[in-house]
Structure formats: C-alpha cells, structure tokens
Amino acid sequence: MIDPLRTAFFRFTLVTVALVSGNLAAVELTAQPKVEAAEKSATIEWKTDVASGSRVNFSTREDMLDQRANGEVSATHTVTITDLQPGTTYYYSVGSARTKLAKGSFTTTGVASAGAKAAAKPKVTTPEKPKPAPLPTTAPPTHVTWGYLPSLQDHFDRHGRDFKCTSPDDYAAKAWLFLQRAKAEGLSMKLDDDGTVRVWDGSTRSFAAFNRNGTTKTYFRPNNPLYWTVQPGRKIKPTELPFK
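Numbering-wise, the sequence shown is residues 3 to 246 according to the numbering used here.
Treat each hint with caution, since some may be false.
Below, computed lysine-lysine pairings styled on PhoX-like, alpha-carbon distance capped at 25 Å [unchecked claim]:
hint	residue 1	residue 2
1	219	192
2	166	219
3	36	102
Listed next, with one range per pair, are the computed distances between beta-carbon atoms [to be verified]:
hint	residue 1	residue 2	range
4	151	183	22 to 28 Å
5	150	128	44 to 50 Å
6	128	182	25 to 31 Å
7	159	187	27 to 33 Å
8	116	172	56 to 62 Å
To be clear, the hints were calculated from the coordinates, so they are not data collected in a lab.
Virtual Cβ for every residue (Gly too), placed ideally from N, Cα, C.
Please work from the sequences and hints to get the whole structure.
Given below as structure tokens:
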C-alpha cells in the first residue's frame, strides 16, 4: 500500500532539487546591454538565457562601481538609473547580485556643470621650474677678476674696441660678465690640460680664456671663423668648471 505522506515528501524533494539546480546553473548573456541615456537618467536593457536577478553597478570611475540599481527577476532585463549628472560619462556593469555579465559606459545628454567636470577630470598641476638667478650687472673689482694685472693694459689696447670698452677696468668687467652669462646659458666651453678654460659664443663671435681659478686671461673677437674649432681642450659643461 502506498503511503500518501511519503509520496508527497518525495515529490517535494524532487521539486526542491530541481529549483536549486536551476538557480545554480550558469547564467549566460544572450543580448548585449543597450543603453538609452537622457539628461539625468539612463535605461539599460540586456537578455539572458534564463531568468535571473537584474542589477546594474555604476559610477563615474571605472575602477570603483560603488553605486547600484536593481530590477525584476527576468530573462529580459531592464534597469533605469536616475539622479544622474548631465553631460557626464558613467561606467557600469550588468548582471545579478552574484554575477557580472558585461560592462560598458555611456554619457548622459546635456552640459556638465563646472563642478561635475572638475570632479570627473581632476586638474593635474605641473610644478613650476625654479627660475634661474638673475645675471649680475656689475663685476667685482678688477684686481679680483683679472689674472695677471700687468697684462691688462695690453689686452685692453688690442681688444677693448671689440666690446666698446671705455677703460681697462670696463674691459675686465665685461670679460667677467661674459663668463657669468656663459655659465648661465651653457655656452661652448673647453678645459685644457693646464686648467685653462676657454669659452665661445658663436652668435656674437666672442672668445675668452680663464685661469683655473676663474680669473681672466683674455677676451676678444677673433677674425678667423675657425678659431674656436682649433682651440685645445675637451668640451665641458658649466657644471664641470674647475671654479664656481
């Protein structure tokens, strides 16, 4: 004789197992998400092979979809997101509470407010380069800048007119100022084996030579266009000078 209670329990068990098995089955996307965006809302639709929950996670940041909206359990899913910002790009993923099936992005219509634009695109500031120190306009006393004082008058007599110098002191001062400009602008420099530093400015055709301690040897404008190329020494940068 068949027990009605045992039969009912057996049928209940079969139904329960079937339901659980169906829920555990993998949900597959059968139609990619479609988005219809408005100024302050967006409706997203997609389809799956079986009925499942409807959830959209979204945000203005692709790496942090921390907002969500839910829809009905269905195989044809429709979720509407509201309270969005106009003219703003949102990133989203669709699926259910347990499964994410697809992701994408959309932009609402309208014009974004200044605040929304600033939040969406943080301003990147580039630190300003330190401004170079201003070049000196006056030179130290001649006995400090010129290497061998007895030679100064002769150099002034021969080369002072090259730079419209009015006196030996003016000539010595302009030679020192030329060195300061050469260091600041990175003019062509050579360092000889004996420590002599030679400097060349091709734009003004100006040449000068300095001792290893930074005092001046000579300063003039050579007539030979190849004068600099035949000068001895290895090329150096201002940072390699034997003096400050």
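Here is how each hint holds up against the structure:
1. Between residue 219 and residue 192, the direct Cα distance comes to roughly 14 Å. Compliance with the 25 Å bound is thereby established for this hinted pair.
2. Using a Cα cut-off of 25 Å, the hinted pair residue 166 and residue 219 holds, with the two alpha carbons roughly 19 Å apart.
3. Annotation: proposed proximity of residue 36 to residue 102 holds, straight-line Cα distance about 16 Å (limit 25 Å).
4. Separated by about 23 Å at the C-beta atoms, residue 151 and residue 183 satisfy the suggested range of 22 to 28 Å.
5. For the pair residue 150 and residue 128, the beta carbons lie near 49 Å from each other, so the given range of 44 to 50 Å is met.
6. Between residue 128 and residue 182 the C-beta distance comes to about 29 Å, which sits within the given range of 25 to 31 Å.
7. The supplied range of 27 to 33 Å is met by residue 159 and residue 187, whose beta-carbon atoms lie about 29 Å from each other.
8. For residue 116 and residue 172, the Cβ-Cβ distance of about 59 Å falls inside the hinted range of 56 to 62 Å, so the restraint holds.
The structure meets every hint from the earlier list without exception.
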